[in-house]
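Okay, here's what each chain looks like letter by letter:
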Amino acid sequence: AQKITQTQPGMFVQEKEAVTLDCTYDTSDPSYGLFWYKQPSSGEMIFLIYQGSYDQQNATEGRYSLNFQKARKSANLVISASQLGDSAMYFCAMREAGNTPLVFGKGTRLSVIA
Amino acid sequence: NAGVTQTPKFQVLKTGQSMTLQCAQDMNHNSMYWYRQDPGMGLRLIYYSASEGTTDKGEVPNGYNVSRLNKREFSLRLESAAPSQTSVYFCASRGLAGLRSEQYFGPGTRLTVT
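In order, the protein sequence lines correspond to chains A and B.
Using my numbering, the letters of the first sequence map in sequence onto residues 1 to 114.
Using my numbering, the letters of the second sequence map in sequence onto residues 1 to 114.
Honestly, the hints are just simulated from the structure, not real lab data.
Being a predicted model, the structure only gives us computed values, none of them experimental.
Just to be clear, a hint being listed does not mean it is correct.
Which bits of chain A does chain B cover? Going by a derived footprint, with three or more residues having C-beta under 8 Å, they are [to be verified]: (1) 24-31; (2) 66-72; (3) 99-112.
Straight line, CA to CA, 30 Å or less: simulated DSS-like cross-link-like pairs of lysine-lysine [as the list claims (entries may be wrong)]: (4) 73(A) with 57(B); (5) 14(B) with 57(B); (6) 16(A) with 70(A); (7) 57(B) with 71(B); (8) 14(B) with 3(A); (9) 3(A) with 73(A).
Restraint-style ranges between C-beta atoms, simulated for each label pair [claimed, not checked]: (10) 78(A) with 15(B): 43 to 51 Å; (11) 10(B) with 62(A): 44 to 52 Å; (12) 84(A) with 71(B): 39 to 47 Å.
Glycine is no exception: its CB is placed at the ideal position from the N, C-alpha and C atoms.
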């Protein structure tokens with residue numbers, strides 16, 4: 001069963017606007033971690049932000065923040081003040097407790113329009 | 001530090017040919033992973049090695065074999081390539097066993113099987 005769901009195959013946002021990329025997850029493990037990665041057209045995978053299931057506050061890293069709603073099992077990425085360089089694929093991923101690999105969603109392609 | 005390196009960057013194979021994708025990391029990481037990325041499918045785990053001397057199947061292991069040659073190197077072998085194995089292959093590694101530790105990715109290998 002798919003553990004990470006990203007329902008938006010593609011999104012458009014105007015430059016300087018904020019955008020939210022959706023991610024829902026499924027796990028019965030009380031201890032887990034959620035990650036967001038960016039993949040620009042050059043192909044490399046860039047780590048953006050992490051949220052732990054027991055973290056009291058929503059994670060923030062510069063213009064990236066995570067809207068973590070544990071009861072709804074959602075971990076949406078918010079990008080503020082979008083820039084043209086934010087155009088990329090964005091992947092949500094989860095790791096459950098133990099030395100387990102990341103499981104990825106199918107991704108959302110974000111296009112920033114000038 | 002070079003991080004995670006992969007060779008080759010590009011490869012074209014004919015159906016039935018074999019090849020080995022090489023991956024090495026210089027970060028003294030314990031865990032290493034092989035993913036494939038296909039359009040609309042996100043990254044799917046092929047095999048992983050939680051530590052030197054161990055390997056485990058991921059979500060899509062059929063048609064592949066792996067070898068954890070030493071702590072640095074983790075290779076992926078296609079014994080008899082099929083067009084369905086046309087994909088971009090990513091190797092990744094992770095050092096700490098905790099939830100928070102990110103996976104570092106190589107630049108990818110683009111493989112085409114004709």
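Outcome for the supplied range 39 to 47 Å, where the beta carbon pair is residue 84(A) and residue 71(B): Hint holds: Cβ distance 41 Å, inside 39 to 47 Å.
Straight-line alpha-carbon gap residue 16(A) to residue 70(A), limit 30 Å: holds, 29 Å
Holds or violated: the 44 to 52 Å window for the beta-carbon distance between residue 10(B) and residue 62(A)? violated, 33 Å
Within 30 Å, alpha carbon to alpha carbon, are residue 3(A) and residue 73(A)? Judged against 30 Å, a Cα distance of about 11 Å means the pair holds.
Can the segment 24-31 of chain A be counted as covered by chain B under the rule of three residues or more with Cβ-Cβ separation shorter than 8 Å? violated (count 1)
Can you confirm whether chain B covers the segment 66-72 of chain A, using C-beta to C-beta distances below 8 Å and requiring at least three such residues? Not satisfied, violated; 0 residues make the cut.
Could you grab the alpha-carbon distance between residue 14(B) and residue 57(B) and see if it respects the 30 Å cut-off? Holds, at roughly 25 Å.
Assuming the hint says 43 to 51 Å, is it satisfied by the Cβ distance from residue 78(A) to residue 15(B) or not? At 45 Å between Cβs, range holds.
Is the listed coverage of the segment 99-112 of chain A by chain B valid when you require three or more residues with a beta carbon under 8 Å from a beta carbon of that chain? Coverage by chain B holds for the segment 99-112 of chain A (8 residues, Cβ < 8 Å).
Is it true that the CA of residue 73(A) sits at most 30 Å from the CA of residue 57(B)? At roughly 27 Å apart (the allowed maximum being 30 Å), residue 57(B) and residue 73(A) satisfy the hint.
Would the pair residue 57(B) and residue 71(B) pass a check requiring their Cα atoms to be no farther apart than 30 Å? At roughly 18 Å apart (the allowed maximum being 30 Å), residue 71(B) and residue 57(B) satisfy the hint.
Taken at face value, is the distance from the CA of residue 3(A) to the CA of residue 14(B) at most 30 Å? violated, 34 Å
Checked against the numbered hints given earlier, the structure breaks hints 1, 2, 8, 11 and satisfies all the rest.
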